[in-house]
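Novice: Let the hints inform the model, and build the full structure from the sequences given.
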Amino acid sequence: MSNPLSAAWLAVATLLLMATASHSPAAWAHGDEVHGEAAVVQSSGNNPQRLADGRVLLPKEAQHRLAVRTLLASESTVAKSIELNGHVVMDPNRGGQVQASSSGRIKAPAGGIPALGSAIRQGQILAWVIPTLSAYEQAQQQAELAATRSQLTLAEQHLQRLRALVNTVPGKELQAAAAELTALRGRHAALAAVSAGEALRAPSAGVLAASNVLNGQVVEPLAVLFSIVDPAGLQIEALAYDPALVNNLAGASLQGVSLRYLGGALVLRDGALPLRFAPQQPLPLALGQSVRLIAQTREQLTGVVLPASSVVKNSANESVVWLHEQALLFRAVPVQPQALDGKRVLVTQIKAGSRVVTEGASLLNQIR
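Residue numbers (our numbering): 1 to 368.
To be clear, the hints were calculated from the coordinates, so they are not data collected in a lab. Be a bit skeptical, because a hint or two may be false.
[Said to hold, decoys possible] Cross-link-like lysine-lysine pairs, in silico, DSS-like; alpha carbons within 27 Å at most:
| id | residue 1 | residue 2 |
| --- | --- | --- |
| 1 | K60 | K351 |
| 2 | K343 | K313 |
| 3 | K60 | K107 |
| 4 | K80 | K313 |
| 5 | K351 | K80 |
| 6 | K80 | K343 |
| 7 | K351 | K107 |
[Said to hold, decoys possible] Just the calculated beta-carbon pair ranges, DEER-fashion:
| id | residue 1 | residue 2 | range |
| --- | --- | --- | --- |
| 8 | N93 | S315 | 49 to 59 Å |
| 9 | Q349 | Q97 | 46 to 56 Å |
| 10 | N93 | K313 | 36 to 46 Å |
| 11 | R269 | A110 | 34 to 44 Å |
| 12 | E83 | Q300 | 13 to 23 Å |
| 13 | Q142 | G111 | 49 to 59 Å |
| 14 | T77 | R355 | 20 to 30 Å |
| 15 | I367 | Q336 | 20 to 30 Å |
| 16 | H87 | K343 | 19 to 29 Å |
| 17 | T77 | R292 | 22 to 32 Å |
| 18 | Q97 | S76 | 40 to 50 Å |
| 19 | Q97 | E299 | 33 to 43 Å |
| 20 | S315 | A119 | 48 to 58 Å |
| 21 | A244 | Q281 | 22 to 32 Å |
Virtual Cβ for every residue (Gly too), placed ideally from N, Cα, C.
Specialist: Structure representation (structure tokens):
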């Protein structure tokens, strides 16, 4: 039979031993001692959380669920880039505008006024402009046209009679009659053309981008009535405020598509120098659309090139990238990114060899 007193002493001894072990130096760090290269992270559970020092604790399962991807940073040398504001313009050789040279009333052609977006052939009649005349002017014009038509008929008959008497009529008289007939025909054609109106023809082939007319509308001289563009011939005009930039550009990009630098003006327009670029591939652009492009200069910079998705904004609206420091720990580092194109940025605030988060950075930023 066991002694009850001995069992009680055994229980007390066990409790004292456990208390001593929990307060031993091996279990708790104290003072200024450093135990290992990295401090032990105290966390509650395996849930994603932001630690007191701003780092984020993210278990492996959560990393897979959030599709966090990283990249080993490496230094490289790239061209210095700057952002330029611009707008879409027309290639002067692949489009044009249609204007009326005189005032008049719009009249639809035989096939009707083309609709917006219609394919246009070069020389196609888009509309007619019929001169707007008073009743007296119209009567006078019709009377002059009728008189010319009558003179033309008489001249034709006179020439026929002279040709019938070619053996008896001097050749000089025959030539004079023929010349008079030619002059009357030209005058009749000119008067008839004025009465028919002015034909508005397409200066080039393309797509009808703008139409500012209606059947029966009265238009003024020099008003832009139609705009025709070639979607494959649109260009980008950007503004530069540094004259040295005109001869220091190597290229540019817009929406990830390379732009060919065509050249820049040497005359200021509203305090800036216009620069022209042509897309290397078709882009979904509209005439007059405002764009922001990335221009590459001939100057070279050294730093770490990262995907643009790596850079996010923190609560203080600073640009940061997330570094994967340990298996479960991530740390945000403030950076000053410089855009290289629509997909990449250059940063100089992180060291080569750092593991940078390239996908899922925005989700890491939301963990609290």
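Novice: Which hint numbers does the structure go against, in order from smallest to largest?
Specialist: 3, 7 and 13
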